[in-house]
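Required output: the full structure, derived from the provided sequences and hints.
Position 204 (the sequence shown) corresponds to 204 in full-length UniProt numbering; numbering is contiguous.
You may find that some hints are simply not true.
[Said to hold, decoys possible] No more than 27 Å apart at the CA atoms, straight line, and that leaves these computed lysine-lysine pairs for DSS-like:
| # | residue 1 | residue 2 |
| --- | --- | --- |
| 1 | Lys66 | Lys272 |
| 2 | Lys100 | Lys66 |
| 3 | Lys100 | Lys148 |
| 4 | Lys259 | Lys200 |
| 5 | Lys148 | Lys113 |
[Stated by the list, open to error] Pairwise CB distance ranges (calculated):
| # | residue 1 | residue 2 | range |
| --- | --- | --- | --- |
| 6 | Ala178 | Arg206 | 21 to 27 Å |
| 7 | His182 | Phe145 | 27 to 33 Å |
| 8 | Gly139 | Ala178 | 34 to 40 Å |
| 9 | Gly166 | Met216 | 16 to 22 Å |
| 10 | Gly74 | Gln257 | 35 to 41 Å |
| 11 | Lys100 | Ala213 | 36 to 42 Å |
| 12 | Asp56 | Glu104 | 38 to 44 Å |
| 13 | Glu136 | Lys200 | 29 to 35 Å |
| 14 | Asp183 | Gln96 | 28 to 34 Å |
| 15 | Asp176 | Lys272 | 38 to 44 Å |
These are calculated hints, taken from the structure and not from any lab test.
Note that the coordinates shown come from a computational prediction; the quantities given were computed from them, not determined experimentally.
Cβ coordinates follow ideal geometry from the N, Cα and C atoms, glycine included.
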Amino acid sequence: MIDRRGFLKLTALGGGAVFMSGLYGRAGAATGKAVPGYDDFYFVQLSDTHWGYSGDANPEAANTLKQAVATVNGLQVQPDFIVFTGDLTHTTDDPQERRKRMREFREIVAGLKVQTLHFMPGEHDAALDNGTAFKEHFGQTHYTFDHKGVHFIVLDNVSDPGSRIGEAQMDWLRTDLAHQAHDARIVVFTHRPLFDLAPKWDWATRDGDQALALMMPHSNVTVFYGHIHQEHHQMTGHIAHHAAKSLIFPLPAPGSQEKRTPLPWDPSAPGKGLGFREVEAEPKVGEYKIAEFPVNRT
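Below, the structure is given as structure tokens:
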């Protein structure tokens, strides 16, 4: 079991590190022992690695993902699992190059000590071929899994080039949620935000309101996403949404300029805008304490 001091050893990492606190009943609170089935654990979230990118926004793009792998491997206590929330690779019109980048990405992350890895696509991985190449290399684009009392849902809002989840997946989500208790601990992973953050920048999901409506009857839902390359926190009713920073380059604040061009690279501060996130949670009451740290924190 990891404590807060051990957790804070997670440094020099872009993306998010998420600490899920155990759920304690009255007996557990009195004795300090976790109720069976609700063990403390934490996982690491990495987002928007854009393997294959080459440009001025990150002249060190060939090293950033490898540095993140080394950092995670150096953790004193390894996470239970790692989730990659999309844009694993940078977009290309060449199907062969797309697959080459995916193979290279897999080879790099195969160096992680943690054996349980969960992948989901971003639009750079899936929009040009409806997720065909992604499925060849990483499996399904939407799925669920359960871990120590928490139900995780991975949604695909990128394989449809129209930025939609789609009717078939929406029916699948409806069926899955129907099997969950109203107070179940549910964590949702998406790439794009499910709410309208900046639609003109493609920072939205066209039918995301339908997905949120399906989640709304459940009292303990939290959404982690990527895509916007920066820290951002939003509430839609009682559902909290938290964006992860990127592993490649930061983007401007939502709607702050005409185009969503990357922030300029600063050679004196190469980790500026990249970072990791700590989330310490009491899922029973749906409260989350979040702290963001820069990449080059010492």
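Hint check results:
1. Pair hint Lys66 plus Lys272 holds up; C-alpha atoms about 18 Å apart against a cutoff of 27 Å.
2. For the hint linking Lys100 to Lys66, the alpha-carbon distance of about 17 Å falls within 27 Å, and the restraint holds.
3. Among the hinted pairs, Lys100 with Lys148 is inconsistent with the structure: their alpha-carbon atoms are about 36 Å apart, more than 27 Å.
4. A C-alpha spacing of about 9 Å is found between Lys259 and Lys200, which places the hinted pair at or below 27 Å, so the restraint holds.
5. Our distance criterion of 27 Å between C-alpha atoms is met by Lys148 and Lys113, whose separation comes to about 20 Å.
6. For Ala178 and Arg206, the Cβ-Cβ distance of about 24 Å falls inside the hinted range of 21 to 27 Å, so the restraint holds.
7. Distance hint check: the CB atoms of His182 and Phe145 are about 21 Å apart, inconsistent with the given range 27 to 33 Å.
8. In this structure, Gly139 and Ala178 break the distance hint of 34 to 40 Å, their C-beta atoms being roughly 24 Å apart.
9. Checking the proposed 16 to 22 Å range against Gly166 and Met216 shows it holds: the Cβ atoms sit about 20 Å from each other.
10. With their beta carbons about 37 Å apart, Gly74 and Gln257 fall inside the hinted range of 35 to 41 Å.
11. At roughly 40 Å, the beta carbons of Lys100 and Ala213 sit within the given window of 36 to 42 Å.
12. Checked against the hint of 38 to 44 Å, the C-beta distance between Asp56 and Glu104 comes to roughly 22 Å, which is inconsistent with it.
13. The supplied range of 29 to 35 Å is met by Glu136 and Lys200, whose beta-carbon atoms lie about 33 Å from each other.
14. Range check, Asp183 to Gln96: Cβ separation about 49 Å, and the 28 to 34 Å hint is violated.
15. Under the hint 38 to 44 Å, the C-beta atoms of Asp176 and Lys272, about 39 Å apart, fit the expected range.
The structure shown violates the earlier hints numbered 3, 7, 8, 12 and 14.
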